[in-house]
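Novice: Given these sequences and hints, build the entire structure.
Number of protein chains: 4
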Amino acid sequence: MSSHASEVPLIHDVLAGSPSNWGKWGEDDEVGALNYLGVDQVLCGIGLVRQGKVFTLQAQMGHPHGDLMAPTRRPGQRFMYLDQGSWAGDKAPNIPGGPRYADDYIMTFLQASTQYDALGHFWYDDRIYNGYDAATTIGGLSKASVLPIAERGVVGRGVLIDMARYRGKQYLDRDEGFSHEDLLAAAESQGATIEHRDILLVRTGWFEFFYTVPTSEFYGDFREPGLVYSPELIRWFQEMEIPNLVTDTVGNELSSDPATGAEGLLHCALMRNLGVAFTEICDLGKLATDCADDGQWEFLYVAAPLKVVNGTGSPVNPVVVK
Amino acid sequence: MSSHASEVPLIHDVLAGSPSNWGKWGEDDEVGALNYLGVDQVLCGIGLVRQGKVFTLQAQMGHPHGDLMAPTRRPGQRFMYLDQGSWAGDKAPNIPGGPRYADDYIMTFLQASTQYDALGHFWYDDRIYNGYDAATTIGGLSKASVLPIAERGVVGRGVLIDMARYRGKQYLDRDEGFSHEDLLAAAESQGATIEHRDILLVRTGWFEFFYTVPTSEFYGDFREPGLVYSPELIRWFQEMEIPNLVTDTVGNELSSDPATGAEGLLHCALMRNLGVAFTEICDLGKLATDCADDGQWEFLYVAAPLKVVNGTGSPVNPVVVK
Amino acid sequence: MSSHASEVPLIHDVLAGSPSNWGKWGEDDEVGALNYLGVDQVLCGIGLVRQGKVFTLQAQMGHPHGDLMAPTRRPGQRFMYLDQGSWAGDKAPNIPGGPRYADDYIMTFLQASTQYDALGHFWYDDRIYNGYDAATTIGGLSKASVLPIAERGVVGRGVLIDMARYRGKQYLDRDEGFSHEDLLAAAESQGATIEHRDILLVRTGWFEFFYTVPTSEFYGDFREPGLVYSPELIRWFQEMEIPNLVTDTVGNELSSDPATGAEGLLHCALMRNLGVAFTEICDLGKLATDCADDGQWEFLYVAAPLKVVNGTGSPVNPVVVK
Amino acid sequence: MSSHASEVPLIHDVLAGSPSNWGKWGEDDEVGALNYLGVDQVLCGIGLVRQGKVFTLQAQMGHPHGDLMAPTRRPGQRFMYLDQGSWAGDKAPNIPGGPRYADDYIMTFLQASTQYDALGHFWYDDRIYNGYDAATTIGGLSKASVLPIAERGVVGRGVLIDMARYRGKQYLDRDEGFSHEDLLAAAESQGATIEHRDILLVRTGWFEFFYTVPTSEFYGDFREPGLVYSPELIRWFQEMEIPNLVTDTVGNELSSDPATGAEGLLHCALMRNLGVAFTEICDLGKLATDCADDGQWEFLYVAAPLKVVNGTGSPVNPVVVK
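Chains as they are written, first to last, in this note's numbering: chain Y, 1 to 322; chain L, 1 to 322; chain Z, 1 to 322; chain D, 1 to 322.
Keep in mind the hints are simulated off the structure, nothing from the lab.
Quantities reported herein were computed from a predicted structural model and do not represent experimental measurements.
Positions of the beta carbon are idealized from the N, C-alpha and C atoms, including for glycine.
Don't take each hint at face value.
[Said to hold, decoys possible] As a list, the in silico DSS-like pairs of lysine-lysine whose alpha-carbon atoms are at most 25 angstroms apart:
(1) K91/L to K91/D
(2) K53/Z to K169/D
(3) K169/D to K24/D
(4) K286/Z to K169/Z
(5) K53/Z to K286/Z
(6) K53/Y to K286/Y
(7) K24/L to K53/Y
(8) K169/L to K53/Y
(9) K24/D to K24/Z
(10) K169/Y to K286/Y
(11) K91/D to K53/Z
(12) K91/Y to K91/Z
(13) K286/D to K169/D
(14) K24/L to K169/L
(15) K169/L to K286/L
(16) K53/L to K24/Y
[What the hints assert, rightly or not] Okay, the calculated beta carbon distance ranges per label pair:
(17) P214/Z to A16/D: 47 to 55 angstroms
(18) G26/Z to D294/D: 24 to 32 angstroms
(19) S189/Z to D173/L: 54 to 62 angstroms
Specialist: If you want it as structure tokens, here you go:
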């Protein structure tokens, strides 16, 4: 985080007049813009499947290189509870018939690995999405947790925009920003269109970059590329009724807003105000290569985070079918 | 487990001559019968979607009633790392612009909640699926872990068989068994057919039963209903090329084989020998009600467990689309 | 907790006028009545050692019967990271010269097992010991954590009062209370005296009781025996300058005050107001038997909880030397 | 670990003929050389207390700089379960009378922080201390775990040898070794004597060094100073009947034996063969300064690790009284 936090304007002021979907789907709503994904969108996504190709988008958990995550979090750990070695000792179960099994245990931040943010994960002015009191986050999210998203599931038409490819790079640079107009230009260059209510997948190459450098170098200067806040960008998301923003970065936006120095502006303007679901740290590399190969950038997108009661988020392994 | 383990015949003997798929998909294969789910099966599943209805099948993690799991495991725990209460103290981050967020951490058995078993999760005779040495499980599954299943994803045509409904019960009794012929009869009564390479979902009602009784009563006499081992059953799975068995019980089979007293016979005969993927502890209640209502018991099934490197299994939130 | 919390008077009112040591040892003090344990008390404890007998007072962590703790907490878990079985696989380290080792990991509430409470662990009226704002507990105790107690260590003259023995019981009954006058009478019957600045150990037998009944029975009716609040009791602790109360119960006091229904009254009056250190869930059985045998109820007491930065408490294994 | 493990002679060969105490205290013994600490040693330690000064030797757990530990392990984590912030939400308990409390949870390697090794923690030739089969370590130490050490407690005469001070350094260099003759010379220069059955504390300054450099620099070249293996050293420990070796390094010995390249030679020769208890990562700085000031290098040493059933070791906060 910046060392000059006090000189940065309040997000309350930066986002004054920014559009809001609070109340749009009822005062009890907890899934926000995912409400856009009705029967039509499901069938629209289904209709895009022609080849029977399947892609999974999660980052590996426990990768030998280390796991990409926000530097404020710590890597998970996995412990064995039973394995073949256990039966050389005296504490393994003696199961009738003699079979054996392996069992293990994991400890992880829920916001590590590829993950859905709960809509109540990020806020300002003591209110989370839909106006719920931020005090509802205390001890676990009583409102707008990841549970309603997981109960609903996310199924619709996805479109991939490959910003790295568009700019002729393996991966965007640190702090390299782009706007919705850049997204549209990239889509056009791909021969793709971003439709209303599309699940929007954006590739920066940052995910692959992580695995190419030592983690100390990566985290030593953690300034991600990403979408840049502007009032126009927010209105575009609102008009396009984008239900879900899916990227290959940790934060789904520039680490720091270049105009104001504020952090998390898109989390506030899109997620907290509009209810756009955020899916982060997605592995979009293989999918992008395939889309460039066959020229089909639109597909069925299916994702369902874990049903963690009161959870602030959950790891997820999204599936794309073309 | 039975207290008479020594009187029970070895699974090695019980399953002598039982069919095997080892080597069928190459000596490096780690996903077994999921190989049946090729492009045709994906498109077949897609073709079943007509209404745009979405169902998610995971059990909630951290349900107030407690979480259904094998009594040998322990409930997970979730801890908050940050929430709105943190900013009343002196240790919360001061983020430029003033936003706040909630963050949490989870600890859980990987085989708790709705989950995919890795094919190497269960074995006998010191060999796991495809003949890999069971020593490869030590410290984590080097072979046939849940990772290859998660990398592949599971997409195909699913069919639900509601054994509880077929037998006119809310849920099957403790130790109540059924055969593949029962499955076929139930399918017929539903007006459904089990096709080759179908992902087979079987409902016993046991999942709902868990939530209706105190956990002490439930676990005090833990004898699940389920499929009963027979050589014919195994041959039927083999001939039908079933890629994935999905049920609403912890074990996907009777807790103890009535003929021999052996435990885990189907894990051995289906998962270890044939490479059939096991998905356990699924919430099939709402789906079953809907299928009974609209008479459509076949659907698109999409599931992708987490990409846990070396994992014995992973929680999963399967999605059904009709 | 009682279901009639709203009818119970506020501890603020119950303890109006109750004595306080806030400020007595400076506004920066974080160890309270342990300040009474100066050089004289150390030497006094040392002077009681005549036989060279050693006792350790901690409860076992991971006892097969289960671990005694407050029902609001959950048992810890221990996982192996490496053991002899690991070297039958491919993931154990190859150490030059060929040695091997076993390594493990523990997860536990800090207030489970025998433990020192931090002075800031319990409070009312938004102030913890010495008047620090209770907001200092947020995210970890910035003030009056267990760390200063652990840095200081606790060394002095201990005296054991065996209330169970005095009342001719193996263990006191649920909800059975006793006063400081009962302590004095028990001491007299033992031929012992409670001196100024003594570390006070009180045995109820509750610790042994835990291991004699099924845990479901034990926790099904969790009403501990213990000291009963009275203004006279608090004044007696204050006049006697008791630095540390050590018992074999989870709460060091009656679970519910019989006069008011309030819970934690002694935590408030003794720990929060007077700064008396609380040590709970001690195994006093063997020590009590020995004291009854040799008639020596006074001894050197040495304890040092773990130096957990910001910790609310810590497991500890107190040592008694006679 | 060295990358040339295969060229290093086996510890089996290096230690051929090295003395052993297996069976000396019975075939059921699990505490080894701690048996030397009988009544006489307890009283001898007590007799050294003249000033009433108390020192605690544990490293802080959760220090802002990071926690000193073997690079093969990972830092522990502590999570809040309840604190003052919890009562601004809706999930905190409503305790009759209105008190509040803070509660937390810790996850840590048992061999992190200042710790006692179980005698069964380290071995070669498939046998741990006293000849127990190394298979007894599987799933937890059934034999020679830290539990018997914790049940016994460690009380006796301690003597501190300050090698850093003796060599005129703040801390010894990486890989800097010393022998028992160096210990004796240092003792003489201090005006101290190492007596039979003394608990031997050795300061290298390495503990302080850890806190003076960035952790990346510290772990980037992890070669500790320490005692160097020689047959004479082992015989000296045996003849002196040293029950417990306590140092301020992670390994209590040179990271790699300069003569052979073997690692863990002293763990094998002293702990596994002779049953000498190892206490590692002790903070000896303040104690050393005080001893240099008052010229008293001998004292009462009292330590009791936690009673972790089957544990490979345990954090501990040793207490020294002068």
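Novice: Against this structure, judge whether each hint is valid.
Specialist: Hint-by-hint comparison with the structure:
The suggested pairing of K91/L with K91/D holds, with an alpha-carbon distance near 21 angstroms, which does not exceed 25 angstroms. For a cut-off of 25 angstroms, the pair hint linking K53/Z to K169/D is broken: about 40 angstroms separates their Cα positions. Distance hint between K169/D and K24/D is unfulfilled; the C-alpha atoms sit about 40 angstroms from each other, more than 25 angstroms. A distance of roughly 16 angstroms separates the Cα atoms of K286/Z and K169/Z; the hinted pair therefore holds under the 25 angstroms criterion.
This hinted pair checks out: K53/Z and K286/Z have alpha carbons roughly 12 angstroms apart, not beyond 25 angstroms. For the proposed pair K53/Y and K286/Y, the alpha carbon gap of about 12 angstroms is at most 25 angstroms, so the pair holds. For the suggested pair K24/L and K53/Y, the alpha carbons sit about 22 angstroms apart, so the restraint of at most 25 angstroms is met. Distance hint between K169/L and K53/Y is unfulfilled; the C-alpha atoms sit about 40 angstroms from each other, more than 25 angstroms.
Restraint check for K24/D and K24/Z: not satisfied, since their Cα atoms lie roughly 54 angstroms apart, outside the 25 angstroms limit. Between the alpha carbons of K169/Y and K286/Y the distance comes to roughly 16 angstroms, so the proposed pair stays at or under 25 angstroms and holds. Between the alpha carbons of K91/D and K53/Z the distance comes to roughly 48 angstroms, so the proposed pair goes past 25 angstroms and is violated. Note on K91/Y and K91/Z: the hinted pairing holds, with a Cα-Cα distance of about 21 angstroms set against a maximum of 25 angstroms.
A hinted pair counts as satisfied when its Cα atoms are at most 25 angstroms apart, and K286/D with K169/D qualifies at roughly 16 angstroms. Of the supplied pair hints, the one linking K24/L and K169/L is violated, its CA atoms being roughly 40 angstroms apart against a limit of 25 angstroms. Straight-line distance between C-alpha atoms of K169/L and K286/L comes to about 16 angstroms, which keeps the hinted pair within the 25 angstroms bound. Using a Cα cut-off of 25 angstroms, the hinted pair K53/L and K24/Y holds, with the two alpha carbons roughly 22 angstroms apart.
Checked against the hint of 47 to 55 angstroms, the C-beta distance between P214/Z and A16/D comes to roughly 53 angstroms, which is consistent with it. Between G26/Z and D294/D the beta carbons are some 26 angstroms apart, a value that agrees with the proposed interval 24 to 32 angstroms. The supplied range of 54 to 62 angstroms is met by S189/Z and D173/L, whose beta-carbon atoms lie about 60 angstroms from each other.
In terms of the numbered hints stated before, the structure departs from hints 2, 3, 8, 9, 11, 14, listed from lowest to highest.
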